[in-house]
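Visitor: Sequence:
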Amino acid sequence: MNWLSPASGMSGCAPETSPASLTGYIDPKHLAFDIDGVVADTMKVFVDLARERYGLRHLTKEHLTCYDLRRCVAAPAHVIDELICLTLDDEHTAKIPAMEGAADVLEQLAERGPLRFVTARVWPESIERWLHALLPRIDRRAITVIATGDPERKHAILHTMAVRHFVEDRLETCHLLARNGIQPILFDQPWNRQPAPFPRVSTWSELAEILQLGRPPESTSKTIVERTSEG
Numbered sequence: 295m296n297w298l299s300p301a302s303g304m305s306g307c308a309p310e311t312s313p314a315s316l317t318g319y320i321d322p323k324h325l326a327f328d329i330d331g332v333v334a335d336t337m338k339v340f341v342d343l344a345r346e347r348y349g350l351r352h353l354t355k356e357h358l359t360c361y362d363l364r365r366c367v368a369a370p371a372h373v374i375d376e377l378i379c380l381t382l383d384d385e386h387t388a389k390i391p392a393m394e395g396a397a398d399v400l401e402q403l404a405e406r407g408p409l410r411f412v413t414a415r416v417w418p419e420s421i422e423r424w425l426h427a428l429l430p431r432i433d434r435r436a437i438t439v440i441a442t443g444d445p446e447r448k449h450a451i452l453h454t455m456a457v458r459h460f461v462e463d464r465l466e467t468c469h470l471l472a473r474n475g476i477q478p479i480l481f482d483q484p485w486n487r488q489p490a491p492f493p494r495v496s497t498w499s500e501l502a503e504i505l506q507l508g509r510p511p512e513s514t515s516k517t518i519v520e521r522t523s524e525g
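Quick note, our numbering runs 294 ahead of the 1-based positions in the sequence shown.
PhoX-like, lysine-lysine: derived pairs with alpha carbons at most 20 angstroms apart:
{"hint": "1", "residue 1": "Lys355", "residue 2": "Lys338"}
{"hint": "2", "residue 1": "Lys338", "residue 2": "Lys389"}
{"hint": "3", "residue 1": "Lys389", "residue 2": "Lys355"}
For the record, the hints were derived by calculation from the structure and aren't laboratory data.
The model shown is predicted, which means the values in this text are computed figures rather than measured ones.
Generate the whole structure from the sequences, applying the supplied hints.
Guide: What follows is the structure, given as structure tokens:
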């Protein structure tokens, strides 16, 4: 997710069911991940800060239904901007919880090849340290983190990495990736529940099924995995 430019995001969230499917085995060598909103439950920290520092006691992550947070959060624009900066600073990045099951699935994938992450953050250092802490058993040399500073640049970076599948929570980025020949896998969040023609997963267990973990590649090469986008 890209919270650095909240006003540039999508709004108007009307959930609708949309079928999507993936065919065949996904080679981890051609797979990469977004971090915030996919591996890291970053917006939990945003909500906690909003409740603790600004008294927004009613706010939950389910209220964050749009990328333009000014349309979703009942607070002045400067407060929202400050919350975004606090959420992404070094101190609070270190406190971000991981999505349930993310570490286990990533450890399994690391047995098949290096892990690659592409984030729209401007600086990668704090989230890279966070990943190393989350995955202490994985050689740091097997973890690559690239910060683009702009979600619109992700597809170009992914092409240079020979990535064919990318797990992402920002719907606009998914559309951009698809237009540029990269298959997005949409990680379900309140802010992306519009109709989408992409495979959608709600948990890392579902993602593990799509990635066919636990089965050797030769036994899964003809498997068709179907997922439905749910609002």
